[in-house]
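Going line by line, the protein sequences match chains A and B. Letter 90 of the first sequence, counting from 1, is numbered 90 in this note's numbering, and no numbers are missing. Count along the second sequence starting at 1, add 111, and that's the number in this note's numbering.
In short, the hints are calculated from the structure, not lab data. Predicted model only: the values in this text are computed from it and were never measured. A portion of the hints provided could be inaccurate.
Not the full set, but computed from the structure, chain B residues with beta-carbon under 8 Å of chain A [claimed, not checked]:
#, residue
1, Leu156
2, Gly169
3, Val171
4, Leu212
Derived Cβ-Cβ restraints for the label pairs, each shown as a range [unchecked claim]:
#, chain 1, residue 1, chain 2, residue 2, range
5, B, Gly127, A, Ile53, 30 to 36 Å
6, A, Asn67, B, Thr131, 41 to 47 Å
7, B, Arg188, A, Glu15, 44 to 50 Å
8, A, Ser69, B, Gly151, 45 to 51 Å
9, B, Arg209, A, Glu42, 21 to 27 Å
10, A, Asp1, B, Asn176, 22 to 28 Å
11, A, Lys110, B, Gly114, 29 to 35 Å
12, A, Val78, B, Glu184, 27 to 33 Å
13, B, Thr131, A, Ala70, 39 to 45 Å
14, A, Asn7, B, Gly127, 47 to 53 Å
15, A, Asp1, B, Ala113, 35 to 41 Å
16, A, Asn7, B, Ala113, 35 to 41 Å
17, B, Arg188, A, Glu42, 21 to 27 Å
18, A, Ala70, B, Ala206, 28 to 34 Å
The C-beta atom is built at its ideal place from N, Cα and C for all residues, glycine as well.
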Amino acid sequence: DQQVKQNSPSLSVQEGRISILNCDYTNSMFDYFLWYKKYPAEGPTFLISISSIKDKNEDGRFTVFLNKSAKHLSLHIVPSQPGDSAVYFCAASENNNDMRFGAGTRLTVKP
Amino acid sequence: NAGVTQTPKFQVLKTGQSMTLQCAQDMNHNSMYWYRQDPGMGLRLIYYSASEGTTDKGEVPNGYNVSRLNKREFSLRLESAAPSQTSVYFCASSADWRSPLHFGNGTRLTVT
């Protein structure tokens, strides 16, 4: 039973526009959320995180929003660049090491 | 900086064969993890080690064993490989349970 769900397998956006990647979770005990980015033939790399006491965290072009009541988080990338083309994974954990990942969304940014 | 190093990068096994995937980190991290990645399933946690001397089951532990050899090394063993274990395996480490994971580049395993 997947506790973290990314329902869009792929997303295509134009360079310079906003990319919005979505993630839903079912476990209300999750209190730490992260986004990872993965290029082919490499391991995922950490992008940005948010704890449940916040509803927004920003780092440069990347912003993560958390809506606890809806059990939903999203990653906004503004402006999108061709180098952002990758697979993005949403992840979540309770207050332990058991971190669960979504299935990933492949983002393509077209020049 | 090497970060997290996994060996081998590729492996082909026949059903019933055994093998050990090796993982080492040089970041002095306390926690280490093994995940598998399958199409449409994302990354699924097999086992993790919160600290040296401890190991715990994750979401999909059946068919696997792990050893936290020391603080640096965390190995994953398949005693009797099955075609369902064909996957890409990622090792990761983190300073603690509240820190982001650092991943290796993966081991692509095929079981025929």
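Going down the list of hints, with the structure as the test:
With its C-beta approaching chain A no nearer than about 6 Å, Leu156/B sits inside the 8 Å limit, and its interface hint holds. The beta carbon of Gly169/B is positioned within 8 Å of a beta carbon in chain A (closest approach about 6 Å), and the interface hint is therefore held. Interface hint at Val171/B: violated, since its Cβ lies 11 Å from the closest Cβ of chain A, which is beyond the 8 Å cut-off. A distance limit of 8 Å between C-beta atoms decides the matter here; for Leu212/B the minimum to chain A is near 7 Å, and the interface restraint holds.
At roughly 50 Å, the beta carbons of Gly127/B and Ile53/A sit outside the given window of 30 to 36 Å. For Asn67/A and Thr131/B, the hinted distance range of 41 to 47 Å is satisfied, since their beta carbons lie about 43 Å from each other. In this structure, Arg188/B and Glu15/A meet the distance hint of 44 to 50 Å, their C-beta atoms being roughly 46 Å apart. Between Ser69/A and Gly151/B, the C-beta spacing of about 29 Å breaks the proposed range 45 to 51 Å.
Taken as a hint, the range 21 to 27 Å holds for the pair Arg209/B and Glu42/A, whose Cβ atoms sit roughly 24 Å apart. Between Asp1/A and Asn176/B the beta carbons are some 24 Å apart, a value that agrees with the proposed interval 22 to 28 Å. As the Cβ distance of Lys110/A to Gly114/B is approximately 32 Å, the hint placing it in 29 to 35 Å holds. For the pair Val78/A and Glu184/B, the supplied restraint of 27 to 33 Å is violated, since their beta-carbon distance comes to about 41 Å.
The beta-carbon spacing between Thr131/B and Ala70/A, approximately 43 Å, falls within the hinted interval of 39 to 45 Å. Checked against the given bound of 47 to 53 Å, the beta carbons of Asn7/A and Gly127/B, roughly 38 Å apart, lie outside it. Taking the beta carbon of each, Asp1/A and Ala113/B are about 36 Å apart, inside 35 to 41 Å as hinted. About 36 Å separates the C-beta atoms of Asn7/A and Ala113/B, a value consistent with the hinted range of 35 to 41 Å.
As the Cβ distance of Arg188/B to Glu42/A is approximately 25 Å, the hint placing it in 21 to 27 Å holds. Ala70/A and Ala206/B have their C-beta atoms about 31 Å apart, which keeps the hinted 28 to 34 Å range intact.
The structure fails hints 3, 5, 8, 12 and 14 (numbered hints given earlier, in ascending order).
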